[in-house]
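Student: Sequence:
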Amino acid sequence: MQVKEIGEQGLLKILQGFCPPDIIGDDGAVLTTAAEKSLVITTDVLIDKVHFSEITTSPEDVGWRAAAANLSDLAAMGASPLGITVGLGLPGETSVDWVEKLYQGMTQCLQQHNTPIVGGDIVRSPIISVAITAFGQVAPRLTIRRNQADLGDAIVVTGYHGASRAGLELLLNPDLTRNLSEDEKAALIQAHQRPKPRLDILPILWEIVDSHSLTNICGMDSSDGLADAILQVCHSSQVGATIEATQIPLHPAMKPWLTAEQAIEYALYGGEDFELLLCLPKPAASQLVQKLGNSAAIIGTITNGDRQEVLLHDSSKEIPDQVLNLSRGFQHFTN
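The sequence shown begins at 1 in UniProt numbering and counts up by one.
It is worth saying that the hints were derived from the structure and are not from the lab. Where a beta carbon is used, it is the ideal one built from N, C-alpha and C, also for glycine. You may find that some hints are simply not true.
Claimed, not checked - Derived lysine-lysine pairs resembling DSSO-like cross-links, with alpha carbons at most 30 Å apart:
#: 1; residue 1: Lys255; residue 2: Lys185
#: 2; residue 1: Lys282; residue 2: Lys49
#: 3; residue 1: Lys282; residue 2: Lys196
#: 4; residue 1: Lys49; residue 2: Lys13
#: 5; residue 1: Lys185; residue 2: Lys282
#: 6; residue 1: Lys317; residue 2: Lys37
#: 7; residue 1: Lys317; residue 2: Lys49
#: 8; residue 1: Lys185; residue 2: Lys317
#: 9; residue 1: Lys101; residue 2: Lys185
#: 10; residue 1: Lys196; residue 2: Lys37
#: 11; residue 1: Lys255; residue 2: Lys317
#: 12; residue 1: Lys101; residue 2: Lys255
#: 13; residue 1: Lys13; residue 2: Lys101
#: 14; residue 1: Lys255; residue 2: Lys196
#: 15; residue 1: Lys49; residue 2: Lys185
#: 16; residue 1: Lys282; residue 2: Lys317
#: 17; residue 1: Lys49; residue 2: Lys101
#: 18; residue 1: Lys185; residue 2: Lys291
#: 19; residue 1: Lys37; residue 2: Lys49
#: 20; residue 1: Lys101; residue 2: Lys37
#: 21; residue 1: Lys255; residue 2: Lys37
#: 22; residue 1: Lys49; residue 2: Lys4
#: 23; residue 1: Lys13; residue 2: Lys37
Claimed, not checked - Label pairs and their computed distance ranges (CB to CB):
#: 24; residue 1: Lys282; residue 2: Gly10; range: 17 to 27 Å
#: 25; residue 1: Gly10; residue 2: Thr43; range: 47 to 57 Å
#: 26; residue 1: His212; residue 2: Gly10; range: 54 to 64 Å
#: 27; residue 1: Thr43; residue 2: Ser236; range: 14 to 24 Å
#: 28; residue 1: Gln112; residue 2: Ile14; range: 16 to 26 Å
#: 29; residue 1: Ile23; residue 2: Ser125; range: 18 to 28 Å
#: 30; residue 1: Thr56; residue 2: Met1; range: 41 to 51 Å
#: 31; residue 1: Ala34; residue 2: Pro256; range: 17 to 27 Å
#: 32; residue 1: Gln112; residue 2: Thr56; range: 21 to 31 Å
#: 33; residue 1: Leu326; residue 2: Val45; range: 47 to 57 Å
#: 34; residue 1: His235; residue 2: Pro21; range: 37 to 47 Å
#: 35; residue 1: Ser95; residue 2: Leu172; range: 18 to 28 Å
#: 36; residue 1: Lys255; residue 2: Glu36; range: 40 to 50 Å
Given these sequences and hints, build the entire structure.
Tutor: Here you go:
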C-alpha cells in the first residue's frame, strides 16, 4: 500500500496512533512547563540522499536518528525534553509500511526519555524529508551556552568520537570488516544508525555544578563533528584552545583498520557522534570525567588566543600539529 492510496487523512489516522490522544486534535499542542523554567525549542531536518539512504539506514533507524538529533540538541542546552512535532514530506509512492516503521524508530528512541510526539504536518514532496521540532525545559541558571568558556577551562568530551563515521564506512564498504569481530563491527554500525542523545549526563552535571558553585556552563553537542564543536565554542566565547590528539577517545574497534591519522580525522570531522563537549574549571571537569567513566575524557584547555585558533597537538608525534578549521568537515552546499 502506498501513501497516495490512503491520502493525507488516512495517513494522519495511522500516525496519530503514535501520539497522546489528549494532546492531538487541535491546531496546536499545549505543553505545560514547570514554574521557573525556560522553554527550549530546537529544529532539525533530515533529507533522503543527504542524511540517510536505503543502503545504510532502515526506516526505523531514520526515525531513531531524527529523534536522537533533536534530543541531543536539548541535552546540549541542559534541557529535559517535553515533546516533539514532526513535519514529514513524502512522495506519493512511498509505502505506508515505510512511514509506520519511521515512526516506530522515532518512538523507540523517544520512549527511553519519556518524550511524546505531540503533533506535526505531512505534505507531498518529490523527496522524503523529516523535520522535527523538539521542546524542552531548563532552569535558567543551568542553561548550557556556547559563549561561556573561560581562560584555563578544561575541555571535556562525554564519549567516543569518530565511531559514527567509521560505522558509515563499514556499511558502504563491507570488505573493510575483514579484520573486525562481529561485536566490533556491530558496535560501530550501531554508533551510526542508533546514536544515543546524552540526556543521561545532565543529572550528573547538575550535581557537579552545585558542588563547585558554578554560575556559567559552557558547551554544545558534537553532532557536526568534534572540530566544529570546539571551534563554535571558541568563536562564541572569543577564546582559543589547545587539544591533545592522544586524549581524544576513539572506539577500540577503529584501531585494527584505521591509521592514527585516519582515526583522528574521523573523530574531528566525521560528525554524528551526538556526544557533548563541555568547558569547565579543571576540578569540576576532572570530577565529571571520573563520574562518567567509560570513554569520557579531558582533551584540552581553553587559551587566550587572539585569533581564536584551535591548535591540535600530538604528543606521540604520529600526527603533525595543525590548526583546526570548519572547512574540512561536512558543510551543506559546499560538500
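Student: Against this structure, judge whether each hint is valid.
Tutor: Comparing the hints with the structure gives:
no.	hint	result
1	Lys255 x Lys185	holds (12 Å)
2	Lys282 x Lys49	violated (42 Å)
3	Lys282 x Lys196	holds (26 Å)
4	Lys49 x Lys13	holds (28 Å)
5	Lys185 x Lys282	violated (35 Å)
6	Lys317 x Lys37	violated (48 Å)
7	Lys317 x Lys49	violated (38 Å)
8	Lys185 x Lys317	holds (29 Å)
9	Lys101 x Lys185	holds (24 Å)
10	Lys196 x Lys37	holds (25 Å)
11	Lys255 x Lys317	holds (17 Å)
12	Lys101 x Lys255	violated (34 Å)
13	Lys13 x Lys101	holds (15 Å)
14	Lys255 x Lys196	holds (22 Å)
15	Lys49 x Lys185	holds (23 Å)
16	Lys282 x Lys317	holds (26 Å)
17	Lys49 x Lys101	holds (18 Å)
18	Lys185 x Lys291	holds (28 Å)
19	Lys37 x Lys49	violated (38 Å)
20	Lys101 x Lys37	violated (34 Å)
21	Lys255 x Lys37	violated (44 Å)
22	Lys49 x Lys4	holds (22 Å)
23	Lys13 x Lys37	violated (34 Å)
24	Lys282 x Gly10: 17 to 27 Å	violated (58 Å)
25	Gly10 x Thr43: 47 to 57 Å	violated (27 Å)
26	His212 x Gly10: 54 to 64 Å	holds (55 Å)
27	Thr43 x Ser236: 14 to 24 Å	holds (20 Å)
28	Gln112 x Ile14: 16 to 26 Å	holds (23 Å)
29	Ile23 x Ser125: 18 to 28 Å	holds (25 Å)
30	Thr56 x Met1: 41 to 51 Å	violated (25 Å)
31	Ala34 x Pro256: 17 to 27 Å	violated (48 Å)
32	Gln112 x Thr56: 21 to 31 Å	holds (23 Å)
33	Leu326 x Val45: 47 to 57 Å	violated (20 Å)
34	His235 x Pro21: 37 to 47 Å	holds (45 Å)
35	Ser95 x Leu172: 18 to 28 Å	holds (24 Å)
36	Lys255 x Glu36: 40 to 50 Å	holds (47 Å)
Against the hints set out earlier in the document, violations occur for numbers 2, 5, 6, 7, 12, 19, 20, 21, 23, 24, 25, 30, 31 and 33.
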